[in-house]
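J.: Based on the hints, put chain R in the right spot on chain C.
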Amino acid sequence: EAGVAQSPRYKIIEKRQSVAFWCNPISGHATLYWYQQILGQGPKLLIQFQNNGVVDDSQLPKDRFSAERLKGVDSTLKIQPAKLEDSAVYLCASSFRSGTTTGELFFGEGSRLTVL
Amino acid sequence: AQKVTQAQTEISVVEKEDVTLDCVYETRDTTYYLFWYKQPPSGELVFLIRRNSFDEQNEISGRYSWNFQKSTSSFNFTITASQVVDSAVYFCALSPLNAGNNRKLIWGLGTSLAVNP
Numbered sequence: 203e204a205g206v207a208q209s210p211r212y213k214i215i216e217k218r219q220s221v222a223f224w225c226n227p228i229s230g231h232a233t234l235y236w237y238q239q240i241l242g243q244g245p246k247l248l249i250q251f252q253n254n255g256v257v258d259d260s261q262l263p264k265d266r267f268s269a270e271r272l273k274g275v276d277s278t279l280k281i282q283p284a285k286l287e288d289s290a291v292y293l294c295a296s297s298f299r300s301g302t303t304t305g306e307l308f309f310g311e312g313s314r315l316t317v318l
Numbered sequence: 095a096q097k098v099t100q101a102q103t104e105i106s107v108v109e110k111e112d113v114t115l116d117c118v119y120e121t122r123d124t125t126y127y128l129f130w131y132k133q134p135p136s137g138e139l140v141f142l143i144r145r146n147s148f149d150e151q152n153e154i155s156g157r158y159s160w161n162f163q164k165s166t167s168s169f170n171f172t173i174t175a176s177q178v179v180d181s182a183v184y185f186c187a188l189s190p191l192n193a194g195n196n197r198k199l200i201w202g203l204g205t206s207l208a209v210n211p
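Residue numbers (our numbering), protein chains in the order written: chain C, 203 to 318; chain R, 95 to 211.
In case anyone wonders, no lab produced these hints; they're calculated from the structure.
Note that the coordinates shown come from a computational prediction; the quantities given were computed from them, not determined experimentally.
Hints may contain errors.
Stated by the list, open to error - Cut-off 30 Å, straight-line C-alpha distance, at most; resulting in silico cross-link-like pairs (DSS-like, lysine-lysine):
| id | chain 1 | residue 1 | chain 2 | residue 2 |
| --- | --- | --- | --- | --- |
| 1 | C | Lys273 | R | Lys198 |
| 2 | C | Lys217 | C | Lys285 |
| 3 | R | Lys97 | C | Lys280 |
| 4 | C | Lys280 | R | Lys132 |
Stated by the list, open to error - Label pairs and their in silico Cβ distance ranges:
| id | chain 1 | residue 1 | chain 2 | residue 2 | range |
| --- | --- | --- | --- | --- | --- |
| 5 | C | Thr278 | R | Pro134 | 35 to 43 Å |
| 6 | R | Thr114 | C | Thr278 | 38 to 46 Å |
| 7 | C | Gly274 | R | Val118 | 31 to 39 Å |
| 8 | C | Asn253 | R | Asp149 | 38 to 46 Å |
| 9 | C | Gly230 | R | Val140 | 42 to 50 Å |
Ideal Cβ positions, reconstructed from N, Cα and C, are used throughout, including at glycine.
Just chain C, with the same shape it has in the complex (with noise of 0.2 Å):
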């Protein structure tokens, strides 16, 4: 079976350009979310998606960040203007079990941004 893949791996940046980063879940799993983490730290929820609907973006930087899910299966998150903050890595995760964290997350290797 396939994992969650995302891409590009390392994406470097001037301050004010804009980035975008893929990921395209398991196949079958209706939930997607975006993590960012930041080198030190536990990973931060960004976005959830069931199928295509968000489920909590209360974390999302929305003047910045956005994210969608066209057809409930792979996801785009684009960040624009970037800032120097946003330097981290950008996880992808996905699961079976809709609408709730009781199944485990499957995760991608994570889009690594280094904003200068």
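T.: This is chain R only, laid out in the frame that chain C set:
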């Protein structure tokens, strides 16, 4: 407040030593889940275990074991006879029941384990 505390930031052991990673949590919910994840240098978080609040039985899986004690709000993780491949950052996480019947994972800051040959 909902919170997970992993007091050990870094642990270094020599191969074959046993090591325990501590996790203390806070929640007012009576129903919740606790998790441990492993994050090797490759960056991918790997699920290790889930435990629900009604099940206080200890669990053993190979060299890994978990001790859940509600009385002290702790969910500690022990690796027996550690190996170099166990070197990783280990995260403890709590999943309480939020308003709207939705659960969100609350993560500790992680413990970085280095197993030296």
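J.: Could you run down the list of hints and mark each one as holding or not?
T.: Here's how the hints hold up against the structure:
1. C/Lys273 <-> R/Lys198: holds, 24 Å
2. C/Lys217 <-> C/Lys285: Cα-Cα ~5 Å, so holds.
3. R/Lys97 <-> C/Lys280: holds, 29 Å
4. C/Lys280 <-> R/Lys132: holds, 27 Å
5. C/Thr278 <-> R/Pro134: 35 to 43 Å: Violated, since threonine 278 of chain C and proline 134 of chain R (Cβ atoms, about 26 Å apart) do not stay within the stated range.
6. R/Thr114 <-> C/Thr278: 38 to 46 Å: holds, 41 Å
7. C/Gly274 <-> R/Val118: 31 to 39 Å: holds, 38 Å
8. C/Asn253 <-> R/Asp149: 38 to 46 Å: violated, 30 Å
9. C/Gly230 <-> R/Val140: 42 to 50 Å: Since the Cβ atoms of glycine 230 of chain C and valine 140 of chain R sit about 20 Å apart, the hinted range of 42 to 50 Å is violated.
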